[in-house]
Amino acid sequence: MKKCLLILVVLSLILMFNACGKKAAKVAPVQEPVVEKVEEPTTLVEKPVLSEEEIFQQKSLEELNKDQILKRINFDFDKYTVREDMKAILQANANWLLKFASVEVLVEGHCDERGTIEYNIALGEKRAEAAKNYLVSLGMKAAKIKIISYGKNKPLVQGENEDSYFQNRRAEFVITKK
Amino acid sequence: MKIRTIVLFLFVCLLSWQLRGQEEITIRIKEGMPMIPVAMPEFQFSETAAQKSEINSTIYETIWKDLEFSRIFKMVPREHYSYIPRFNPNAINFKDWASIQANILISGQLEITSDERIIFSFKVYEVASARFIFGRNFGGKKELSRLIAHRAADEMLKHFGEKPLFTSKIVYISETGSDKDVYIMDYDGFRPTRITFSSAIDMLPSWSADNEKILYTSYRNLNPDLFMFDIYSGKTELLSSGGSNYAADWSPVAEQIVYTSSKNGNAEIYLKNMKSGQEKRLTFNPAIDTSPCWSPNGREVAFTSQRNGTPQIYIMDAEGSNIRRITTEGSYHDSAAWSPDGMRLAFVSRIENRFDIYVFNLKSNEISKLTENSGRNENPSWSPDGRHLVFSSNRSGKYQLYLVDYDGRNVRQITAGGENKMPKWQKSPKSAK
Numbered sequence: 030m031k032k033c034l035l036i037l038v039v040l041s042l043i044l045m046f047n048a049c050g051k052k053a054a055k056v057a058p059v060q061e062p063v064v065e066k067v068e069e070p071t072t073l074v075e076k077p078v079l080s081e082e083e084i085f086q087q088k089s090l091e092e093l094n095k096d097q098i099l100k101r102i103n104f105d106f107d108k109y110t111v112r113e114d115m116k117a118i119l120q121a122n123a124n125w126l127l128k129f130a131s132v133e134v135l136v137e138g139h140c141d142e143r144g145t146i147e148y149n150i151a152l153g154e155k156r157a158e159a160a161k162n163y164l165v166s167l168g169m170k171a172a173k174i175k176i177i178s179y180g181k182n183k184p185l186v187q188g189e190n191e192d193s194y195f196q197n198r199r200a201e202f203v204i205t206k207k
Numbered sequence: 002m003k004i005r006t007i008v009l010f011l012f013v014c015l016l017s018w019q020l021r022g023q024e025e026i027t028i029r030i031k032e033g034m035p036m037i038p039v040a041m042p043e044f045q046f047s048e049t050a051a052q053k054s055e056i057n058s059t060i061y062e063t064i065w066k067d068l069e070f071s072r073i074f075k076m077v078p079r080e081h082y083s084y085i086p087r088f089n090p091n092a093i094n095f096k097d098w099a100s101i102q103a104n105i106l107i108s109g110q111l112e113i114t115s116d117e118r119i120i121f122s123f124k125v126y127e128v129a130s131a132r133f134i135f136g137r138n139f140g141g142k143k144e145l146s147r148l149i150a151h152r153a154a155d156e157m158l159k160h161f162g163e164k165p166l167f168t169s170k171i172v173y174i175s176e177t178g179s180d181k182d183v184y185i186m187d188y189d190g191f192r193p194t195r196i197t198f199s200s201a202i203d204m205l206p207s208w209s210a211d212n213e214k215i216l217y218t219s220y221r222n223l224n225p226d227l228f229m230f231d232i233y234s235g236k237t238e239l240l241s242s243g244g245s246n247y248a249a250d251w252s253p254v255a256e257q258i259v260y261t262s263s264k265n266g267n268a269e270i271y272l273k274n275m276k277s278g279q280e281k282r283l284t285f286n287p288a289i290d291t292s293p294c295w296s297p298n299g300r301e302v303a304f305t306s307q308r309n310g311t312p313q314i315y316i317m318d319a320e321g322s323n324i325r326r327i328t329t330e331g332s333y334h335d336s337a338a339w340s341p342d343g344m345r346l347a348f349v350s351r352i353e354n355r356f357d358i359y360v361f362n363l364k365s366n367e368i369s370k371l372t373e374n375s376g377r378n379e380n381p382s383w384s385p386d387g388r389h390l391v392f393s394s395n396r397s398g399k400y401q402l403y404l405v406d407y408d409g410r411n412v413r414q415i416t417a418g419g420e421n422k423m424p425k426w427q428k429s430p431k432s433a434k
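For the protein sequence lines, the chains are A and B, in the order given. Residue 30 is where the first sequence starts when you use this note's numbering, and the numbers rise one by one after that. Residue 2 is where the second sequence starts when you use this note's numbering, and the numbers rise one by one after that.
Check before you lean on any hint, since a few could be wrong.
As the list claims (entries may be wrong) - A few chain B residues that don't get close to chain A, going by computed Cβ distances all over 10 Å: (1) 277; (2) 307; (3) 335; (4) 363; (5) 379.
Stated by the list, open to error - Listed next, the stretches of chain B that the computed footprint assigns to chain A, with coverage defined by at least 3 CB atoms under 8 Å from CB atoms of chain A: (6) 241-251; (7) 346-354.
Hints in this document: simulated from the structure, not taken from any laboratory. Glycine is no exception: its CB is placed at the ideal position from the N, C-alpha and C atoms.
With the sequences and hints as input, model every part of the structure.
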């Protein structure tokens, strides 16, 4: 009996409330249509930075060489000993080369335009050899490194000034096999 | 005050007088005999067609320039001919020619046949005795007018006890665009002929003793290897590979060459027998040894070595023994070239960052400088008669070839366009096959 009473009270309350609502609706302003907001959460997907391994896998020999993965080093006038400030470059080259054991490299020795053709061939060869020996001292296998001298046949830049001469007195590292 | 000025003035005068004195000491002394004065009036020529008279003047000018270049003959200036009656080949008045100081008179006659061939006859007279000395007739295709002229001029040399020179050739490297190829040309820079066609770098060409083969280095196999090219058969042969292989010089007396190779790890000088192919290593030194060059008698080899720290010129016996140092001053010498008389070595020295050609007299130990204050001068090579040298210089901005006399006189540019370098003169001209 008590239950019936409770339901009755609730029902009457609802009815009352409904009647009130209807009354209020008549005075309320026209409701605007509901605009659903469309959103997409921002993702964290970016173009990934390739690892050295991935770059190595993706690029051709020409591309690797063009990008100068291996940096060239420069020499003093008339000299073929590795300069102190060039050792870090050779270390970086060696680090890369040691990571990719399949790589074979050709070290090109070059000279500036001052000097004779003949002596510069020999000097360029000594420079290439010095660079090779340094890489070997850092753990490279000698069999993976070949050398060639171009003497003063292939200057990198033209110009009769110390800066051009310096740039031309160099050893370049060309990847020949990967 | 006045006295001081006068004293100062006198001092300056004295100083400049002394400097003058020093300059006079450096004036070079002429070698050998005085030059023989030669007169050569215009050649007799009946044709008038423009192209044909061009052949006439080509032959005339070529002979003139050859004889003028020789240092044996001295051309009597053409202006002087106008002082005397016109030359008549049928009635020569030798007294006229004696009056303008001519000792030798050359009379030439040119004919062009109906099949466009040249017939050139020249007669040589001695003016003082008014007699005919010798004459020659040459015939050939009209394209060969320069060669005909050189042959005629060579006859003059031969008659006066000299070896032929004007038919000699120079091999060199010409660079147009990125190609560096071997070329051959006449000694005066005319008639260049390309003989290698690879897109790789070719360098340091030289002649075989018989002038039929060219030794040179090419990067065509991606390494500086030594090749031999036969210019008559067109065949190329690989002589040495592995390491750098270059600067070959063919013995003037035997079928063997010396050259530089680093095939065993370091730049050393090797002797190769061209008949048996056998090789012998001549230098054993951890330093750079390079640029070998035969003495004319084939008993010794001059070369460059850095064994004492800087590149210097040395001479060794052809077996590799008895090494002695030639250059004692300066810190950079290379590219030695032994004169045909065996007396002198020409080479390149770097003094205060200038590269010049020097000549060292092996008998007197005197050094003279052939080039002065004009770019980098490299790769000297002697003419067959030892009176001239060819060398390369970038004095004009680009490398070109120049001729110079043994005493530094008569510098003359013989190439233009592109870059031309590394010349080698034939050791003795032999008429082509």
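Each hint tested on the structure:
no. : hint    : result
1   : 277     : holds, 27 Å
2   : 307     : violated, 8 Å
3   : 335     : violated, 4 Å
4   : 363     : holds, 21 Å
5   : 379     : violated, 6 Å
6   : 241-251 : holds (count 4)
7   : 346-354 : holds (count 3)
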